[in-house]
Each structure stands twice: as C-alpha cells, then as structure tokens.
Amino acid sequence: MNAPLLQVEALTAQFTSRGQISQVVKGIAFEIDSGQSVGFVGESGCGKSVTARAVMRLAPESSSVQVGGSIRFDGTDLLTLQESAMREIRGRRIAMVFQDPMTSLNPVMTIGAQVDDMIGKHMALSRKNTRQRTVELLDLVGIRDPARRANDYPHQFSGGMRQRVLIAMAVSCEPDLLIADEPTTALDVTVQAQILRLLQRLRRELGMALMLITHDFGVIAGMVERVYVMYDGEIVESGGVDELFANPQHSYTRALLDAVPRIESAGRKS
Amino acid sequence: MSESSSARITLTSEQETAAAPAAAPASGPTKRRRRRSGGRGLLILGLVMLTVMTVVTVCGSWIAPYDPTKTSAESLSGPSSAHWLGTDSIGRDVLSRLIIGGRTTLLIALIAVALAVAAGLLLGLLSGYLGGVVDQIVMRALDVVFAFPVFLLAIAVVAALGPTVPNLILTIAIVYTPIMARVVRGPVLSVKRLDHVEAARSIGIREVTIVRRHVLPMVISPVLVETSLTLSHTIFTVTALSFLGLGPPPPDPNWGGMLSEARQFMEIAPLTVIGPAAAIVFATLTFIVLANGLREMLDVAGRS
Amino acid sequence: MRRVALVRLAWAVPILLGVSLVAFVLMRALPGDFAQAMAGTAAGVTPEFLDSIRADLGLNQPLWQQYFTWLGHALQGDLGTSFVTKRPVTGELFSRLLVTAELTLIAAVMAMLIGVTTGLVSARLRGRADWIIRGFNGLVVAVPNFVVATLIVLLAGLYLPSLGIFNYTPFATDPLANIGSMLLPALSLGLGVSVTISENTRAAVLEVSSQDYVMVAQAKGLRKRTILRNYLVKNALTPVITVTGLQVAALLGGSILIETIFTIPGMGQFLFDSVTSRDYPVVQGVVLITATVVVLVNVLVDIAYARVDARVSYE
Numbered sequence: 003m004n005a006p007l008l009q010v011e012a013l014t015a016q017f018t019s020r021g022q023i024s025q026v027v028k029g030i031a032f033e034i035d036s037g038q039s040v041g042f043v044g045e046s047g048c049g050k051s052v053t054a055r056a057v058m059r060l061a062p063e064s065s066s067v068q069v070g071g072s073i074r075f076d077g078t079d080l081l082t083l084q085e086s087a088m089r090e091i092r093g094r095r096i097a098m099v100f101q102d103p104m105t106s107l108n109p110v111m112t113i114g115a116q117v118d119d120m121i122g123k124h125m126a127l128s129r130k131n132t133r134q135r136t137v138e139l140l141d142l143v144g145i146r147d148p149a150r151r152a153n154d155y156p157h158q159f160s161g162g163m164r165q166r167v168l169i170a171m172a173v174s175c176e177p178d179l180l181i182a183d184e185p186t187t188a189l190d191v192t193v194q195a196q197i198l199r200l201l202q203r204l205r206r207e208l209g210m211a212l213m214l215i216t217h218d219f220g221v222i223a224g225m226v227e228r229v230y231v232m233y234d235g236e237i238v239e240s241g242g243v244d245e246l247f248a249n250p251q252h253s254y255t256r257a258l259l260d261a262v263p264r265i266e267s268a269g270r271k272s
Numbered sequence: 005m006s007e008s009s010s011a012r013i014t015l016t017s018e019q020e021t022a023a024a025p026a027a028a029p030a031s032g033p034t035k036r037r038r039r040r041s042g043g044r045g046l047l048i049l050g051l052v053m054l055t056v057m058t059v060v061t062v063c064g065s066w067i068a069p070y071d072p073t074k075t076s077a078e079s080l081s082g083p084s085s086a087h088w089l090g091t092d093s094i095g096r097d098v099l100s101r102l103i104i105g106g107r108t109t110l111l112i113a114l115i116a117v118a119l120a121v122a123a124g125l126l127l128g129l130l131s132g133y134l135g136g137v138v139d140q141i142v143m144r145a146l147d148v149v150f151a152f153p154v155f156l157l158a159i160a161v162v163a164a165l166g167p168t169v170p171n172l173i174l175t176i177a178i179v180y181t182p183i184m185a186r187v188v189r190g191p192v193l194s195v196k197r198l199d200h201v202e203a204a205r206s207i208g209i210r211e212v213t214i215v216r217r218h219v220l221p222m223v224i225s226p227v228l229v230e231t232s233l234t235l236s237h238t239i240f241t242v243t244a245l246s247f248l249g250l251g252p253p254p255p256d257p258n259w260g261g262m263l264s265e266a267r268q269f270m271e272i273a274p275l276t277v278i279g280p281a282a283a284i285v286f287a288t289l290t291f292i293v294l295a296n297g298l299r300e301m302l303d304v305a306g307r308s
Numbered sequence: 020m021r022r023v024a025l026v027r028l029a030w031a032v033p034i035l036l037g038v039s040l041v042a043f044v045l046m047r048a049l050p051g052d053f054a055q056a057m058a059g060t061a062a063g064v065t066p067e068f069l070d071s072i073r074a075d076l077g078l079n080q081p082l083w084q085q086y087f088t089w090l091g092h093a094l095q096g097d098l099g100t101s102f103v104t105k106r107p108v109t110g111e112l113f114s115r116l117l118v119t120a121e122l123t124l125i126a127a128v129m130a131m132l133i134g135v136t137t138g139l140v141s142a143r144l145r146g147r148a149d150w151i152i153r154g155f156n157g158l159v160v161a162v163p164n165f166v167v168a169t170l171i172v173l174l175a176g177l178y179l180p181s182l183g184i185f186n187y188t189p190f191a192t193d194p195l196a197n198i199g200s201m202l203l204p205a206l207s208l209g210l211g212v213s214v215t216i217s218e219n220t221r222a223a224v225l226e227v228s229s230q231d232y233v234m235v236a237q238a239k240g241l242r243k244r245t246i247l248r249n250y251l252v253k254n255a256l257t258p259v260i261t262v263t264g265l266q267v268a269a270l271l272g273g274s275i276l277i278e279t280i281f282t283i284p285g286m287g288q289f290l291f292d293s294v295t296s297r298d299y300p301v302v303q304g305v306v307l308i309t310a311t312v313v314v315l316v317n318v319l320v321d322i323a324y325a326r327v328d329a330r331v332s333y334e
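Protein chains in written order, with our numbering: chain A, 3 to 272; chain B, 5 to 308; chain C, 20 to 334.
Everything labelled a hint here was simulated from the structure, so no lab data went into it. We put the CB at the ideal spot given by N, CA and C, even for glycine. Keep in mind that a hint or two might mislead.
[To be verified] Rough simulated footprint, nothing fancy, chain A against chain C, three-plus residues with beta-carbon under 8 Å: (1) 226 to 233; (2) 271 to 285; (3) 314 to 322.
[To be verified] What the simulated footprint calls covered on chain C by chain B, stretch by stretch (three residues with Cβ under 8 Å from a Cβ of chain B suffice, anywhere in the stretch; the number is not a length): (4) 148 to 161; (5) 167 to 175.
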C-alpha cells in the first residue's frame with residue numbers, strides 16, 4: 003500500500019507552566035494507515051491525550067506547550083503549517099471526539115447550531131441544506147426525533163446522547179482520521195458498549211481511520227487492529243491486537259491486561 | 005438573594021473592590037502559596053498605609069503647621085514654602101485642614117463600623133445558630149433593608165436627625181449592620197452542620213462554649229475582611245454626606261466639605277480640590293488594600 | 020423554571036410591603052415635625068395654628084391609620100400631595116423619575132461598555148495589558164463617584180473650557196443636547212461600577228476559556244473570531260449582565276450625588292430638598308419608588324440567572 007495516512011516521528015511535547023518545564027511526550031513514533039484503526043493504551047498521565055492533541059495542534063489556554071518532531075498527515079508536516087491552513091484540516095480531515103460529554107458542548111448554543119457551525123465552516127452549503135445535513139447526522143448517530151431535538155440545548159440531553167451528538171459533529175465533514183480520546187470513560191457501562199458500536203459502524207460506513215485512546219484494554223478489544231502501549235511519555239510496546247493480548251512482551255502491558263476484569267463464563271468483556 | 009451564584013462569580017455591591025482572585029491555574033497547595041505571598045505584600049502595604057494615616061491623624065495637632073480654622077488674607081494661593089498645599093478661599097491652610105479633617109472622618113468611620121460589627125455579629129450569630137423561623141424572619145428583614153441604596157437611607161436618617169457627629173455614627177452603624185449580619189451568618193450556618201459540632205452538642209457541652217470554641221474562629225476571617233471593606237465604604241458615605249452639607253458641622257474641617265467648598269474657585273486653585281480628593285482616595289485605598297491582603301492571606305472565599 | 024419565577028415574585032411582595040413600611044416610618048418616627056418646620060419661627064405661630072396645619076394634613080391621626088391610608092392610595096398610584104408645593108407627588112416624581120432613569124441607564128450602559136471591553140482585553144491579552152487594566156481598576160475603585168465628578172468638572176474647566184455641556188437641557192427641548200449633557204454625569208456615576216463589571220468579565224472570560232467546549236470549538240476548525248463571539252463572550256456575558264443588574268442599587272444611590280453636582284433635576288435632588296423641609300409625602304414617595312425599582316430589578320436578575328443556571332449547571 004502507499005504511504006501511511008498519518009506518520010509521526012520523534013514526537014516530543016513539553017509543558018512550560020510558570021517556569022517549570024515537564025517533558026510529557028519523550029520521542030515517540032507511530033503510523034496510521036488509511037482506514038486503519040489504531041489504539042493507544044496507557045494510564046492517565048502517560049501522554050496519550052497530549053499526543054492526540056498534538057496531532058491536531060490543540061493547546062490548552064492556560065499553559066504553553068512545545069511540540070517537536072514531525073507529524074506527517076497525507077504528506078504534509080502539520081507542525082510547520084500556518085494556523086489558517088491547520089484550521090482547514092481540523093474538523094474537515096482530522097476530527098476529534100473528547101472525553102467528557104458533559105463539558106464538551108457549549109451550554110448556550112442549541113446542539114443543532116453547534117453541528118451547523120462546523121458544517122458551515124468546511125462545506126459551502128446553504129443554510130437549509132446545512133440544517134438538513136445536521137438532522138441526517140443526528141439521525142445517523144441514533145438521536146430520536148432529530149429535527150425537533152436539534153433545537154434543544156445540551157442540558158436537555160443525557161450523557162450518552164451528548165456523546166452521540168459530539169460524534170455526529172466529529173464525522174459531519176467525513177474526516178479521513180477520527181481521533182477518539184477516551185470516548186466512553188465518562189459514560190455508564192451500558193452506554194459504553196452502544197457508543198463503541200456506533201463508532202465502529204461509522205468507521206466502516208465512512209471509511210475513516212480511527213485513533214482510539216483509552217486506559218482500558220477492555221475497550222480496545224474488538225475495536226482496533228493495532229495497539230500502541232504508552233507509559234510515561236514513551237511507547238513501550240506495539241503490535242497487532244491479537245498478538246498483544248496473547249503474548250504481551252512488556253511487563254507494563256501485562257499489568258494492563260491483568261487489570262481487565264474477565265467474566266468467568268464464555269465470551270469476552272464487551 | 006442568589007446565594008448559589010457566589011461560587012461562580014464574585015457578586016459585589018456599591019463601591020466595591022476588585023475582588024476576582026488571580027486566575028493562576030495551578031493546583032491546590034501551589035495556588036494557595038501564591039495567594040499567600042501576594043496577600044502578604046498587600047497586607048504589609050495596607051498596614052503601612054494605615055500606620056501613616058494613624059500617625060498623621062493622632063499627631064495631627066502637632067504636625068499641622070497652622071490652625072485649620074484660622075483665616076488669613078492670602079486666599080487661594082498656590083503651593084508655597086509657607087503653605088505647602090496653598091490656601092482656600094478664605095485663606096485657611098489646606099494642608100492643616102486636611103490633617104485635622106481626617107480625624108473626624110476616621111473617628112466616625114471607626115466607631116460606626118465597630119458598632120456595626122458588634123451588632124451584626126450578634127444578629128448573625130443568633131439568626132444563624134437558632135435557625136428556623138427566627139432565621140427566616142431576620143433574613144427577610146435584612147432583604148428589606150438591602151432594597152434601599154445605602155446612601156439613600158443615610159441621607160434620609162441624617163437629614164432628619166440632624167447632622168451631628170453622634171448622629172452620623174449612629175446612622176452609619178445602622179446602615180452597615182445588615183451586611184455584617186449576613187457575612188457572619190454564612191459561616192455560622194456551615195459550622196453548625198459540622199460533625200464535630202454535632203458531637204460536642206450531643207455530649208452536652210454548653211451552647212455558649214460551642215459558639216465560642218467552634219463557631220467564632222470560623223467567623224473571624226470573613227468578618228475581618230468585611231470590616232476592612234466596610235471601613236472603605238464608610239469613608240465614602242461620611243465624605244459624601246459632608247459633601248452634601250450633612251457632615252460634621254463647622255468649624256471642624258472635613259474632607260467632603262472641603263471638596264464641596266472648593267468647587268467654586270477650583271480652576272484658580274486646583275489644589276483645593278486635589279488635596280481633599282487625594283486624601284479621600286488614600287484613606288479608601290488603605291482599607292481596600294487591607295481587605296484584599298487579608299482576603300488572600302486568610303484564603304476567604306468571595307463575598308456572597 | 021416558571022415555578023422559580025413565581026416563587027421569586029411571591030417573595031417580592033412581603034419585601035415590598037416591608038419597604039413601604041420602612042419608607043413610611045423613616046419620616047414619621049424621626050424627630051422633627053412638619054408643621055413646625057413649615058411654620059418656622061414666625062410671629063403669629065400659636066399651638067392652635069400648628070394643630071390646624073396638622074389636622075389639615077391628617078397628621079393628628081394615629082400613625083398606623085396614616086400608614087394604611089397612605090398605602091391604600093399608593094397602590095392606586097396616588098402618592099399624596101406634597102406639603103410644600105401642594106401638587107400631587109406622583110406627578111412631581113414622574114418627570115424626575117424619568118430624568119434619573121435616563122441618567123442611571125446611560126451610566127449603566129457606559130459602565131458595561133467600559134467594563135466588558137477592559138475585562139475582555141485584560142483576560143485575552145494577559146501580560147502587561149492585564150496589569151495595567153487591573154491596576155487602573157484598583158485605583159479607580161477607591162475614588163468615590165462624587166470625587167470623580169468633581170475632578171472631571173475640574174479637568175474640563177481647565178483644559179476644555181469651551182465645552183458648555185454642563186448645563187442640563189431637558190429632553191423635550193433638544194434630545195441631542197440632552198444626551199450630550201448627560202454623558203459626563205453618567206460617566207462619573209458609571210465609572211465605579213465599570214470596575215466591578217471589568218473584574219467580573221475578566222474572571223468569567225478566563226474561566227470560560229479553560230472550558231472543554233472551547234477546545235472542542237477549536238478542534239472543529241472554527242475561526243478565532245467565531246469562537247470568541249459564540250463560545251467565549253456568549254457564556255461570559257450572562258453572569259456579567261446579572262452582576263450589572265445587581266448594581267442598580269449602587270447606581271441609584273450614587274445618582275443623588277451626581278444630580279447635585281451637575282444640577283440635574285432628577286429624583287435625587289428632589290429627595291434632598293424634601294428631606295430637609297420635612298415634606299413627608301415626597302420623601303416617602305421617592306424612597307418607595309427607589310426601593311421598589313431595586314427589588315424588582317433584583318427579582319428579574321434572579322429569574323434570569325436561574326434560567327441560565329439551568330443550562331450551565333450539571334444535572
């Protein structure tokens with residue numbers, strides 16, 4: 003096959019907060035092919051979320067982040083792009099689903115408006131067509147009565163529904179790569195399965211590559227083809243998901259696998 | 005009033021301070037340490053300013069170069085070696101008038117606020133601790149008082165009673181008691197529910213002891229901050245009242261009155277305006293700086 | 020949410036009743052009696068004469084009776100007749116109320132414009148701009164509004180003597196000149212309040228900036244200007260507006276001083292004169308109206324805040 007969709011080399015990230023420098027990502031390399039789904043596993047603080055945000059060049063307001071290395075997306079090094087060019091890529095070619103659905107939506111805008119403004123930014127559609135597409139997307143992710151619900155505010159939705167809305171937003175412009183940063187961590191167990199199934203379905207229908215980030219190995223199973231295990235800013239092990247489950251090399255990987263509760267009866271944890 | 009909003013925004017009223025905490029997004033202990041050191045600086049500054057004011061006021065009679073009521077022929081003269089800040093329209097020395105004028109203003113403010121704190125403490129403790137119907141009635145009564153702009157009440161009472169120093173003190177004490185009561189009530193309510201207070205009560209320790217040992221320490225910090233803040237407002241109220249002619253009667257000089265009299269000829273002798281203005285600002289600033297310093301040092305939450 | 024609104028309004032009623040009681044008692048319970056004040060020390064003043072004045076004005080009735088009579092009339096819009104001018108209080112107050120309302124409104128608008136702008140700049144630019152603005156705020160807040168007014172008049176007199184905008188022009192005569200003459204007074208009144216608004220805007224914007232949904236907006240690829248408008252300002256503005264509403268009491272109180280300095284014929288000036296001449300109906304009317312406005316605005320603010328809070332707080 004041709005060059006990978008996303009090729010990351012020697013990626014480093016350091017935070018400078020009030021004179022204190024901390025190295026959060028210490029030189030990692032990975033690849034994601036077109037349409038491939040890849041998982042990043044590790045405990046909180048290992049740098050996986052920072053890596054995801056580095057790919058989209060998102061920085062929190064409060065502290066400054068310095069990113070080094072190269073992030074080649076479809077041939078272009080994202081780290082050397084102008085901000086305006088990066089804005090074209092964000093949402094349109096790389097999209098992200100965040101962890102906490104309760105705080106990821108603007109409380110004073112209707113959810114329809116929030117999906118609209120994304121479509122409006124990247125696709126030149128009339129207002130009517132934009133809203134039509136929004137409603138179709140909401141329907142696609144399983145929101146009932148989407149046309150009416152589009153005029154509701156986030157606080158009128160449950161956590162699971164909000165996450166569906168966020169997923170709808172993320173796939174609205176049919177990105178090549180979808181990054182999901184702990185998409186189910188803040189949800190109830192029963193809802194988790196639904197959301198994961200939704201992600202899987204959308205990935206297949208839209209042919210997106212998926213970068214799934216989680217601390218829970220149980221979430222990875224059945225979702226991805228390849229796994230990268232991160233610890234303290236480095237990638238300690240990587241491989242196909244089946245081999246990793248069967249034959250974990252690194253002690254940390256083994257520890258993570260052991261942490262997944264297994265049901266004694268047949269069948270695996272979803 | 006909206007108590008729920010106190011956590012999100014700092015609600016303030018009237019001539020309020022810049023009360024928003026510095027937005028330093030560091031975690032727990034670091035943030036507190038940073039606030040402490042900033043607070044210490046402010047506190048020291050405030051105390052220095054307060055000392056300066058106190059010394060000048062107390063030693064006023066010895067420091068002031070002239071008798072503040074003595075008129076002379078050199079009216080509206082600019083700054084000179086004889087009169088550092090010039091003279092007013094009937095030849096009185098501005099500097100001396102400022103020094104002596106501060107005395108009455110500060111005296112009224114201090115006594116009035118002391119009374120307000122005492123009354124407010126009592127009211128707040130009773131209301132908060134007894135709770136139930138008593139609390140509801142007191143709170144509604146306070147709500148009624150809060151509906152009146154402070155200055156409106158002050159004018160009405162002082163103009164009707166007559167502008168003497170005791171009346172001024174009384175008026176201001178009355179007008180600021182409610183806010184003290186409310187500030188006291190908050191911590192009382194939260195302390196009441198604490199486990200170790202319940203435990204103490206169940207063992208049979210007397211209510212008074214409980215109040216003294218558990219409730220009062222919690223209350224002291226916010227009361228200190230509020231007292232300083234109220235002192236700054238009181239300076240405003242006293243000087244404003246004297247500006248309108250409702251202040252301490254002549255021939256005692258006072259800052260508000262000086263400002264008002266100076267308006268007539270201020271273009272010729274701007275110092276007659278700038279002098280009292282600067283004095284008022286300095287006094288107000290002293291207590292605001294103190295309040296902010298205390299607040300940061302004692303880690304008191306924003307006012308509700 | 021409608022229930023919250025009703026509850027708030029319901030509480031307003033006893034508070035307003037309390038307000039009316041205080042307004043009434045304030046004048047009557049204090050020493051100094053109108054008949055005496057009006058008659059003065061003229062020669063032919065006998066006790067019978069004073070009594071006849073009192074009887075005329077209903078001042079010899081028991082206090083509680085006077086209160087209810089007055090309250091009854093007040094609820095129908097009749098605030099009695101001024102002892103001094105002999106004209107209906109409601110009419111006298113109405114025109115003055117409009118003037119004070121105009122002054123207060125312009126002051127509030129100015130305070131918001133200045134406050135929101137400086138707060139926004141302070142929060143977004145940080146660094147030196149932040150220090151300058153916060154330092155300025157810290158200083159301004161220590162300057163009482165009447166001192167600001169006097170200094171403004173001084174500065175204008177010294178450097179812009181040709182500006183004859185201190186003379187109040189009634190709205191009916193010349194609307195433009197009227198607003199022009201209100202600008203400096205409104206500025207003096209609103210400056211102190213703008214500091215509060217500035218600090219609250221700054222805090223709100225800083226808090227909102229670190230919210231997840233702002234980062235999500237960035238991840239959507241939206242332009243900075245769009246994010247600023249729909250995500251930052253929209254969220255930061257709602258607490259700011261409620262804070263402004265709560266400053267109404269401060270503005271109304273301060274208007275008394277400003278009106279005196281700039282000789283604007285508003286309620287404040289009227290109040291001052293009437294208190295000294297013991298014109299009970301006028302004083303009661305002014306106090307009642309002012310406090311009522313404050314209570315109503317606070318209720319509206321509480322309701323508005325509850326509505327926003329529903330959207331913003333977690334279930």
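Going down the list of hints, with the structure as the test:
1. 226 to 233: That given contact holds, which follows from 6 residues of the region 226 to 233 of chain C lying within Cβ reach (below 8 Å) of chain A.
2. 271 to 285: That given contact is violated, which follows from only 0 residues of the region 271 to 285 of chain C lying within Cβ reach (below 8 Å) of chain A.
3. 314 to 322: Result for this restraint: violated, n = 0.
4. 148 to 161: holds (count 6)
5. 167 to 175: holds (count 4)
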